[in-house]
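Chemist: Residue numbers (this note's numbering), protein chains in the order written: chain A, 15 to 420; chain B, 15 to 420.
These aren't lab readings, by the way, just hints derived from the structure by calculation.
A few of these clues could be false.
Simulated restraints, written as ranges between beta carbons of each label pair [to be verified]:
{"no.": "1", "chain 1": "B", "residue 1": "G79", "chain 2": "A", "residue 2": "N375", "range": "36 to 42 Å"}
{"no.": "2", "chain 1": "B", "residue 1": "G150", "chain 2": "A", "residue 2": "E178", "range": "26 to 32 Å"}
{"no.": "3", "chain 1": "A", "residue 1": "L235", "chain 2": "B", "residue 2": "E93", "range": "53 to 59 Å"}
{"no.": "4", "chain 1": "B", "residue 1": "D396", "chain 2": "A", "residue 2": "L382", "range": "54 to 60 Å"}
{"no.": "5", "chain 1": "A", "residue 1": "E101", "chain 2": "B", "residue 2": "T225", "range": "47 to 53 Å"}
{"no.": "6", "chain 1": "A", "residue 1": "S217", "chain 2": "B", "residue 2": "T225", "range": "29 to 35 Å"}
{"no.": "7", "chain 1": "B", "residue 1": "Q220", "chain 2": "A", "residue 2": "E178", "range": "56 to 62 Å"}
{"no.": "8", "chain 1": "A", "residue 1": "K234", "chain 2": "B", "residue 2": "G79", "range": "51 to 57 Å"}
{"no.": "9", "chain 1": "A", "residue 1": "K234", "chain 2": "B", "residue 2": "K188", "range": "31 to 37 Å"}
Here are some chain B residues pointing at chain A (derived, C-beta under 7 Å) [as the list claims (entries may be wrong)]:
{"no.": "10", "residue": "V223"}
{"no.": "11", "residue": "Q224"}
{"no.": "12", "residue": "R227"}
{"no.": "13", "residue": "L228"}
{"no.": "14", "residue": "R245"}
{"no.": "15", "residue": "G246"}
{"no.": "16", "residue": "N265"}
{"no.": "17", "residue": "Y275"}
{"no.": "18", "residue": "P277"}
Over 10 Å on every C-beta distance to chain B, these chain A residues come out as not near it, computed from the model [said to hold, decoys possible]:
{"no.": "19", "residue": "F70"}
{"no.": "20", "residue": "E72"}
{"no.": "21", "residue": "N194"}
{"no.": "22", "residue": "R232"}
{"no.": "23", "residue": "D239"}
{"no.": "24", "residue": "K262"}
{"no.": "25", "residue": "D273"}
{"no.": "26", "residue": "I289"}
{"no.": "27", "residue": "K303"}
{"no.": "28", "residue": "K336"}
{"no.": "29", "residue": "F358"}
{"no.": "30", "residue": "H416"}
Note that the structure is predicted; figures quoted are calculated from it, not measured.
Note that beta-carbon positions come from the ideal geometry of N, C-alpha and C, so glycine has one too.
Number of protein chains: 2
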Amino acid sequence: MVILSVTGRAPINIAVVKYWGKKDERLILPLNGSISGTLDLTHMCATTTVAISESFSEDQFWLNGLECSLSARFSIVLEAIKKRALENETIDREKLSWKIHICSKNNFPTAAGLASSAAGLACLVFCLARLYNIDGDVSGIARLGSGSACRSMYGGFVEWMVGECRDGRDSVAKQIIPANHWPNMAVLILVVNAGRKHTSSTSGMQTSVQTSRLLEHRAKLVVPDHIDLMRGALLQKDFQTFAQVTMKDSNSMHAVCMDTYPPIHYLTHVSHHIINLVHSINNYFRTCKVAYTFDAGPNACLYLLDDDLPTILSLIRYFYPKIQNVEEGGTDDDACRDGDVDEFVRGRKVKVDAVNEELINSMNITVLPGALSYVISTKIGDGPVLLSADDSLLNLETGLPHGELL
Amino acid sequence: MVILSVTGRAPINIAVVKYWGKKDERLILPLNGSISGTLDLTHMCATTTVAISESFSEDQFWLNGLECSLSARFSIVLEAIKKRALENETIDREKLSWKIHICSKNNFPTAAGLASSAAGLACLVFCLARLYNIDGDVSGIARLGSGSACRSMYGGFVEWMVGECRDGRDSVAKQIIPANHWPNMAVLILVVNAGRKHTSSTSGMQTSVQTSRLLEHRAKLVVPDHIDLMRGALLQKDFQTFAQVTMKDSNSMHAVCMDTYPPIHYLTHVSHHIINLVHSINNYFRTCKVAYTFDAGPNACLYLLDDDLPTILSLIRYFYPKIQNVEEGGTDDDACRDGDVDEFVRGRKVKVDAVNEELINSMNITVLPGALSYVISTKIGDGPVLLSADDSLLNLETGLPHGELL
Chain A
15 MVILSVTGRA PINIAVVKYW GKKDERLILP LNGSISGTLD LTHMCATTTV
65 AISESFSEDQ FWLNGLECSL SARFSIVLEA IKKRALENET IDREKLSWKI
115 HICSKNNFPT AAGLASSAAG LACLVFCLAR LYNIDGDVSG IARLGSGSAC
165 RSMYGGFVEW MVGECRDGRD SVAKQIIPAN HWPNMAVLIL VVNAGRKHTS
215 STSGMQTSVQ TSRLLEHRAK LVVPDHIDLM RGALLQKDFQ TFAQVTMKDS
265 NSMHAVCMDT YPPIHYLTHV SHHIINLVHS INNYFRTCKV AYTFDAGPNA
315 CLYLLDDDLP TILSLIRYFY PKIQNVEEGG TDDDACRDGD VDEFVRGRKV
365 KVDAVNEELI NSMNITVLPG ALSYVISTKI GDGPVLLSAD DSLLNLETGL
415 PHGELL
Chain B
15 MVILSVTGRA PINIAVVKYW GKKDERLILP LNGSISGTLD LTHMCATTTV
65 AISESFSEDQ FWLNGLECSL SARFSIVLEA IKKRALENET IDREKLSWKI
115 HICSKNNFPT AAGLASSAAG LACLVFCLAR LYNIDGDVSG IARLGSGSAC
165 RSMYGGFVEW MVGECRDGRD SVAKQIIPAN HWPNMAVLIL VVNAGRKHTS
215 STSGMQTSVQ TSRLLEHRAK LVVPDHIDLM RGALLQKDFQ TFAQVTMKDS
265 NSMHAVCMDT YPPIHYLTHV SHHIINLVHS INNYFRTCKV AYTFDAGPNA
315 CLYLLDDDLP TILSLIRYFY PKIQNVEEGG TDDDACRDGD VDEFVRGRKV
365 KVDAVNEELI NSMNITVLPG ALSYVISTKI GDGPVLLSAD DSLLNLETGL
415 PHGELL
């Protein structure tokens, strides 16, 4: 049996200027541009194998070990890639008609509320483009799958252009700086211990578009300014501007959520506590040491510089001490644990300072035991990578996931 | 000793289209117009006696039984009233030079976070105007004392006009409808059990004016539409529009607070729980039965119609059951208790229905024991009233508070 296959890995991204609201639901065209940092693949990623064969009798899809039906968005992406391949004659017509097997997994916890669809769709598009020999930018195809997925197609800091064409052809991702342009940029994800379900970002932004009077103002006037400031800050490695714009843009997006009718409320009292803590830290040092940003959930993502990691982590440990035996928020939180000696701070190893008593005493912030499930320590990283056949998620003799019998 | 005195009583008001941000700090000119309901004097009010006498040797001021120095705002108001009296020759020049004694008290709990300054300043201006024989509108003078105080100068629903003159002469209050135009409008104040201090509205709105990009949009475009819709709803007694605009405007103001840098967060998880509860109730009935609005604190003010009071109160009792021995939130919460058999629902007597089990089961809302300290039940009422000498807070022979010795 001839099987052609590609295996790849794609990162997640965390926006510093947020996407909130579509102007075209079908083409996933945003009301405003956005900018995100791509996170290191080592700690969080989606991995996908795509394989085609004349002998496959139907398209099949496995996600995290379970066979699923191919979602509408996966189908849209698959069709768009095949169309591009056909137009550019990148592969035999015959092979385009072969059925496809897709096997994908995420190594990050659902409990972290991180945009798994962005990494998953980006990974699929990356692998399909390689499989069908498509050169050039395919971020517009990733956008069709899941808007912010287009930003995961590149490393470093990436802008999703708002675009002007009605068909969306210019609403694509462009790298502003690669990861090594600002190598000491660190990221901490504070996973808040919260059980409740949230409004999905898809339906949340739909309601905002329909009801928020402030959204249009944000999209037309506020975000373009944030984009300009952020581009400049990234190119110049100006952490002060970077941090302020990041925080203001997050607050602006959550203000729009509050202005939505009925209001959407992603931030919990723990999120607000983290916001207060960050402003208190920055006030104490009379300079921005750390910036928060929040997506459609209560978890905080903190951007900071490597030099400040030991101090900031000591404060996080102090104000959000772990409670023993507290419920862990999910069954899938084994991610980022490989080789960790530390259950609370996972991912990238970092030194933690002793607590600065003077700082803590000056802050007037309450301690919230058990408020966080854990912290993921990571940094800005590169875009999707190709893996070898050794890493294939499919048995390349059968075309089925390893362990699955014909 | 000749003493001239006036005693009066003035109500508090709760905005349904909010004042947030000044364009002139000294003259207290707002960035946008606002509309409020004046609450019945029976349950919450400020009472003030002003007295002048040739024999008084200095201006003196007593608030809630304690002598205080006359605040800057009180002095501004006193001066503005005297200026008006002088210009219009409403009183002998000589009497204008007599020193003044002011004695004032509020009967509502500080813990309720209700705008005591509005009622207090409105009451002072009302009494001073009577004392110096000033006819005509003095709401502009009340505005100089405490912006929203101008709305407490009239009963029913009142608009504080944004005005166009730079000297503020047209930024005054006007009654839209008197209380008896919509006699079945009820009000419930849900006093949230929260100890923490909040950003004062004065400093909060200053920071918003300086930092929020969304505030200008709200003031220029959103609020004028809300004012127009609200005026129409009040004249036509259209509760659906009234309720929706009230909720949207409250959300819009708190969105601006979130957009302020650093963000201001007046709403607690209990406030958000109340917001969810109100939307769930309205969803269940497929019509707006009740509207929430929040000022610079976590307490909710609910507007609803008399017919729905028994149902809504049964739900409030069900979802926020009182815990015995829970801390009461302050030492001054004796207000509105006179003759109450019910410690939890104070003020105006209302029937409480048995809980509708079907409704509760359909709502998927958690019960939050102890979330509320108590509820004040009241309704829309009239403007300030003159009291008789029998109600004077000053001994009219000595000019001092009762019980105070010469």
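Chemist: Hints first: check each against the structure and report whether it holds.
Modeler: Tested hints:
1. G79/B with N375/A: 36 to 42 Å: 37 Å, holds
2. G150/B with E178/A: 26 to 32 Å: 58 Å, violated
3. L235/A with E93/B: 53 to 59 Å: At 42 Å between Cβs, range violated.
4. D396/B with L382/A: 54 to 60 Å: Cβ of D396/B to Cβ of L382/A: about 47 Å, so the range 54 to 60 Å is violated.
5. E101/A with T225/B: 47 to 53 Å: Since E101/A and T225/B have Cβ atoms about 49 Å apart, the given range 47 to 53 Å holds.
6. S217/A with T225/B: 29 to 35 Å: 30 Å, holds
7. Q220/B with E178/A: 56 to 62 Å: 39 Å, violated
8. K234/A with G79/B: 51 to 57 Å: 55 Å, holds
9. K234/A with K188/B: 31 to 37 Å: 34 Å, holds
10. V223: 15 Å, violated
11. Q224: Violated. Min distance 13 Å.
12. R227: This interface hint holds because 5 Å falls under the 7 Å limit.
13. L228: 5 Å, holds
14. R245: 18 Å, violated
15. G246: 18 Å, violated
16. N265: 5 Å, holds
17. Y275: Cβ of Y275/B sits 6 Å from chain A, so the hint holds.
18. P277: 5 Å, holds
19. F70: Correct as stated: the minimum Cβ-Cβ distance to chain B is 44 Å, above 10 Å.
20. E72: At about 40 Å from chain B, E72/A clears the 10 Å cut-off, so the statement holds.
21. N194: 31 Å, holds
22. R232: The claim breaks: R232/A does not keep its Cβ more than 10 Å from every Cβ of chain B (closest is about 7 Å).
23. D239: It is violated; D239/A is separated from chain B by about 8 Å at its closest Cβ, not greater than 10 Å.
24. K262: 6 Å, violated
25. D273: 4 Å, violated
26. I289: I289/A not clear of chain B: closest Cβ-Cβ about 6 Å, inside 10 Å.
27. K303: Given a closest Cβ separation of 14 Å, the condition holds.
28. K336: Its Cβ never comes within 10 Å of chain B, the nearest being 22 Å, so this holds.
29. F358: Correct as stated: the minimum Cβ-Cβ distance to chain B is 24 Å, above 10 Å.
30. H416: Holds: least Cβ distance 41 Å, greater than 10 Å.
In summary, the numbered hints that this structure violates are 2, 3, 4, 7, 10, 11, 14, 15, 22, 23, 24, 25 and 26.
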